[in-house]
Amino acid sequence: MSSSAGACDDGNKLGGDGCSETCQVETYFRCYNGSASSASQCVYEGIPLELTVDSVTHSDGLNQGVLTFAVSPALLTIKDMNLSQLYSLSCDSVYSVSEVSYDSAKGTLSLTVDYSEDLEDRSCNLSLSLDPSLVRSQASPLSFVVQSDDLPLIVVNNLSAYSTFTFIFEILSYIVLAVFCLSFGHKLIGVELLVCCQMAFLSLCLYPEKNLSMLFSSIKSFG
3 MSSSAGACDD
13 GNKLGGDGCS
23 ETCQVETYFR
33 CYNGSASSAS
43 QCVYEGIPLE
53 LTVDSVTHSD
63 GLNQGVLTFA
73 VSPALLTIKD
83 MNLSQLYSLS
93 CDSVYSVSEV
103 SYDSAKGTLS
113 LTVDYSEDLE
123 DRSCNLSLSL
133 DPSLVRSQAS
143 PLSFVVQSDD
153 LPLIVVNNLS
163 AYSTFTFIFE
173 ILSYIVLAVF
183 CLSFGHKLIG
193 VELLVCCQMA
203 FLSLCLYPEK
213 NLSMLFSSIK
223 SFG
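Sequence positions in the sequence shown follow this note's numbering and run 3 to 225.
Please note that a few of the clues may not be correct.
Taking CB as the label site, the calculated pair distances span [as the list claims (entries may be wrong)]:
(1) D62 x T29: 40 to 48 angstroms
(2) N35 x S98: 38 to 46 angstroms
(3) D94 x Y30: 20 to 28 angstroms
(4) S125 x E101: 16 to 24 angstroms
(5) G13 x S139: 19 to 27 angstroms
(6) D56 x E23: 37 to 45 angstroms
(7) D56 x S86: 19 to 27 angstroms
If you are wondering where the hints come from, they were derived from the structure by calculation, not from laboratory data.
Note that the coordinates shown come from a computational prediction; the quantities given were computed from them, not determined experimentally.
Positions of the beta carbon are idealized from the N, C-alpha and C atoms, including for glycine.
Generate coordinates for the entire structure from the input sequences, incorporating the hints supplied.
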């Protein structure tokens, strides 16, 4: 017995899985085999799911990034699927996916990717193979280019130096802001300090590992 409208009972009080908290079949779902002794099994039969890139972030101190994709509509039943077999990701790089998660509240699928070759600005394709017993309207494949929202997903050999470099960058940002404020009262001093900050920053950008070690040695000698 199947029903696309009316009563159902899937054994929980959650909405978004085909059977609402008031035990009514939800839009775009069809529920089967509901009875007094067995729970209804609800299947999504609506419009095909759509994938879009939600965010790309770098994991601090690692050659790792987190690719997050929005899945629309956000189906609660995806969390009940085998996530490791749910997706297929192919990129023009050398990498491995170490973790997969789905946030049913936000409707987002996250892939944690460890890369041994630069992943930034590389072309990728993502497709989903959803369990047909839960979702009959499959998602369209997504083609995208990896562009990080924060630090670029590039291979860094000295990760400790790279993390320190990002810290120094933040400190220099505050120094530049302070110099800008000082320049209103002492124009010449402000300009000279700004030039020094720019030279230091460019030096760190061009030779981060070498100059960071020199910087720490100088700080230590003053101490």
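So which hints don't hold here, by number, going up?
3 and 6
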